[in-house]
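As they're listed, the protein sequences go chains A and B. FYI, the numbering for the first sequence is 1 to 339, going by UniProt numbering. FYI, the numbering for the second sequence is 1 to 339, going by UniProt numbering.
These are calculated hints, taken from the structure and not from any lab test. Among the hints, erroneous ones may be present.
You can't tell identical chains apart in this list, so a pair holds if it fits in one copy or across any two.
Claimed, not checked - The calculated lysine-lysine pairs, modelled on DSBU-like cross-linking and capped at a C-alpha distance of 30 Å, are: (1) Lys138 x Lys64; (2) Lys183 x Lys138; (3) Lys19 x Lys239; (4) Lys94 x Lys19; (5) Lys183 x Lys239; (6) Lys239 x Lys138; (7) Lys138 x Lys19; (8) Lys239 x Lys94; (9) Lys94 x Lys183; (10) Lys64 x Lys183; (11) Lys64 x Lys239; (12) Lys183 x Lys19.
Next come the chains, spelled out residue by residue.
Protein chains: 2
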Amino acid sequence: MKTRRVTLVDVARLAGVDKAIVSRVVNADPSLVIRPDTRERVLEAISNLGYRPNVAARSLRTAKAGTLGLVIPDFANPVYAEIITGAESAALAKGHVLVTGSSTGAHSSMDRYLDLLGQGRVDGLMLAGPTTAAEQQKLESLGLPWMMVNRRDTGEHHRYVILDDAQAAKLAVEHLLELGHRKIVHVAGPFGADTARRRATGYRQAMRVPDIPVRAEDIARGDYTPRGGAEAMAELLRKGAEPTAVFVANVAMAVGVLDTLRRADLRVPEDVSVVAVHDLPLAEHLVPALTTVRMPLQDLGARAVDLLLASSPEDEVAEVVRTAMELVYRESTAPPAAG
Amino acid sequence: MKTRRVTLVDVARLAGVDKAIVSRVVNADPSLVIRPDTRERVLEAISNLGYRPNVAARSLRTAKAGTLGLVIPDFANPVYAEIITGAESAALAKGHVLVTGSSTGAHSSMDRYLDLLGQGRVDGLMLAGPTTAAEQQKLESLGLPWMMVNRRDTGEHHRYVILDDAQAAKLAVEHLLELGHRKIVHVAGPFGADTARRRATGYRQAMRVPDIPVRAEDIARGDYTPRGGAEAMAELLRKGAEPTAVFVANVAMAVGVLDTLRRADLRVPEDVSVVAVHDLPLAEHLVPALTTVRMPLQDLGARAVDLLLASSPEDEVAEVVRTAMELVYRESTAPPAAG
DNA sequence: TAGGGTCGGTCAAACGATTGAACGAGCCTA
DNA sequence: TAGGCTCGTTCAATCGTTTGACCGACCCTA
């Protein structure tokens with residue numbers, strides 16, 4: 001019972017019109033003038049036969065795939081889950097399908113993807129996470145619009161969308177300042193990540209307002225992982241800093257920071273307050289529940305899609321998404337102990 | 001500088017051969033007999049021009065998209081992240097691209113996806129997570145091979161791949177038994193989830209070996225969320241069960257279980273041991289670090305892809321992936337307190 | 001009644017790759 | 001030297017849609 005797939009021609013035959021008519025009806029071509037009853041016949045034929053346009057043929061003809069690509073480092077990282085969610089939603093709203101791939105799996109890599117995507121599989125490409133200059137070079141050569149998401153690209157020709165990380169950091173630090181903290185240290189992210197650099201800048205800026213000096217030993221760097229956070233916190237304690245509060249550059253490191261503080265018999269928030277960027281679902285279930293700054297990561301993903309669809313390969317794109325950020329006040333922050 | 005895209009014809013012209021030759025070289029057609037120097041010329045032309053086959057044209061001709069679809073409920077759930085990772089890796093290994101979509105977003109739904117996928121966008125479809133009978137009906141009508149992943153489908157015509165959930169449950173409960181526990185209760189998953197039912201069955205089976213009776217009040221049901229787990233645990237305590245150990249059907253609920261135990265001033269593992277299925281990255285960072293049973297979720301995703309690619313729409317597919325499972329012994333389980 | 005406008009369609013040429021069939025040039029054999 | 005075989009390559013139809021160009025019928029107007 002090998003039912004051949006239904007094509008435009010089948011519909012046209014059933015409706016007694018030319019396939020061109022059917023095509024224009026399907027695509028709501030504004031230049032089409034048609035009698036209501038003819039349109040009715042066509043629509044009926046479509047639904048009777050269960051016609052669905054063949055995407056390959058359409059793509060071939062129009063040179064548009066109706067698909068966008070998003071490459072992330074790792075599906076297991078919840079930060080990317082939010083970006084994906086936002087991007088998918090925006091893509092669907094514009095009638096596009098989103099292909100999300102990870103660049104760190106056993107069989108995957110940027111290169112592998114660029115090969116597989118070939119020509120005409122996607123209309124544009126978004127890269128979240130680290131990318132080498134060589135890869136950016138290769139991207140340019142594809143002739144596709146592309147964009148870095150949550151990372152500034154290097155190079156003179158800019159194509160990126162990022163969030164206002166400095167502002168997020170400020171919100172976090174201001175929260176600590178308002179609670180009365182003055183000895184506030186910072187567990188920063190890796191030097192290579194520009195998000196980490198912007199958050200560190202925001203920390204410094206916020207500390208400047210009440211004119212609290214930030215010494216070198218008030219900042220330690222981790223690699224955005226729990227272990228990295230634990231080590232960075234340990235380093236801060238070892239250096240003799242006796243903070244009443246810690247601003248941590250991401251939640252993964254905050255997990256490690258809490259571990260280290262627990263081992264050092266420092267209670268959170270009684271002895272030390274902890275606040276981190278950004279508000280992952282996980283934050284609520286840590287012990288104590290973590291105070292965070294929620295960043296608009298879904299908006300970031302959505303905005304990337306919109307910009308991508310609106311841009312040509314030659315365009316310059318550089319945007320900072322400034323949707324409101326919010327401090328989520330939970331149990332890990334409190335006023336410093338008196339005295 | 002609108003450089004026209006490079007096609008087979010361009011390559012053929014440069015190499016001084018017919019485009020048929022180029023096509024066969026690109027696809028490594030075994031029926032092709034060709035002089036080594038000709039092949040060399042072709043390959044050189046390909047690389048000089050940077051030729052990449054047009055996917056749409058190829059799909060149109062071959063009626064194969066080279067793409068598989070995977071629909072999950074939610075990107076933020078780390079369980080699906082593992083399935084995706086496995087599926088992506090297997091798809092790439094077979095030269096296919098994986099399109100992953102979520103069915104619960106603002107603009108997405110099963111239906112929306114089925115429409116968007118149209119005809120010829122994917123060669124097969126995998127559904128992880130709940131699906132209605134109506135949706136299964138619609139899937140059948142697409143004429144595509146499809147498959148439920150980590151869920152048994154209803155209906156007489158089976159298409160599913162699942163894991164051995166009962167075995168996972170047994171491993172967890174046996175671990176508790178070996179530690180010396182006998183008062184072991186179960187926080188089960190929602191009735192609608194067949195994974196939950198299989199895990200409950202495994203719990204009962206394991207308890208039968210040492211002939212420990214399982215009473216109705218030894219099992220409470222949650223909805224696979226932290227809150228659900230917390231409530232189920234509270235219910236168990238209220239019912240007067242004085243367990244020395246809890247087997248929890250998933251990690252999300254275990255988070256809630258730990259909360260409830262903490263609130264009830266029961267120490268873990270001194271007063272109550274807790275073990276859960278499956279080993280998410282998160283488990284290691286809970287307080288105390290959670291003992292779990294690691295299930296081969298990546299294998300599940302990979303196997304689904306392999307089966308999908310090997311099956312026709314009419315085939316029956318029903319497989320239980322039995323890759324070894326492993327108990328991950330952490331801090332939340334210990335022998336029961338003496339006396 | 002010739003000329004010009006709508007209306008309501010039809011025609012046919014792309015888009016780029018795949019693939020069965022055909023074909024010419026050598027060479028071998030009888 | 002004709003016929004057949006192998007080798008290496010070319011020919012051309014085909015996949016299903018899109019879309020600019022064209023066309024016939026009808027009505028209106030001068």
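Tested hints:
| no. | hint | result |
| --- | --- | --- |
| 1 | Lys138 x Lys64 | both (21 Å within a copy, 27 Å between copies) |
| 2 | Lys183 x Lys138 | neither (47 Å within a copy, 61 Å between copies) |
| 3 | Lys19 x Lys239 | neither (77 Å within a copy, 69 Å between copies) |
| 4 | Lys94 x Lys19 | within (26 Å within a copy, 37 Å between copies) |
| 5 | Lys183 x Lys239 | within (14 Å within a copy, 48 Å between copies) |
| 6 | Lys239 x Lys138 | neither (45 Å within a copy, 64 Å between copies) |
| 7 | Lys138 x Lys19 | between (41 Å within a copy, 26 Å between copies) |
| 8 | Lys239 x Lys94 | neither (53 Å within a copy, 53 Å between copies) |
| 9 | Lys94 x Lys183 | neither (49 Å within a copy, 56 Å between copies) |
| 10 | Lys64 x Lys183 | neither (56 Å within a copy, 63 Å between copies) |
| 11 | Lys64 x Lys239 | neither (58 Å within a copy, 62 Å between copies) |
| 12 | Lys183 x Lys19 | neither (74 Å within a copy, 72 Å between copies) |
Violation of the numbered hints given earlier is confined to hints 2, 3, 6, 8, 9, 10, 11 and 12; the remaining hints are satisfied by the structure.
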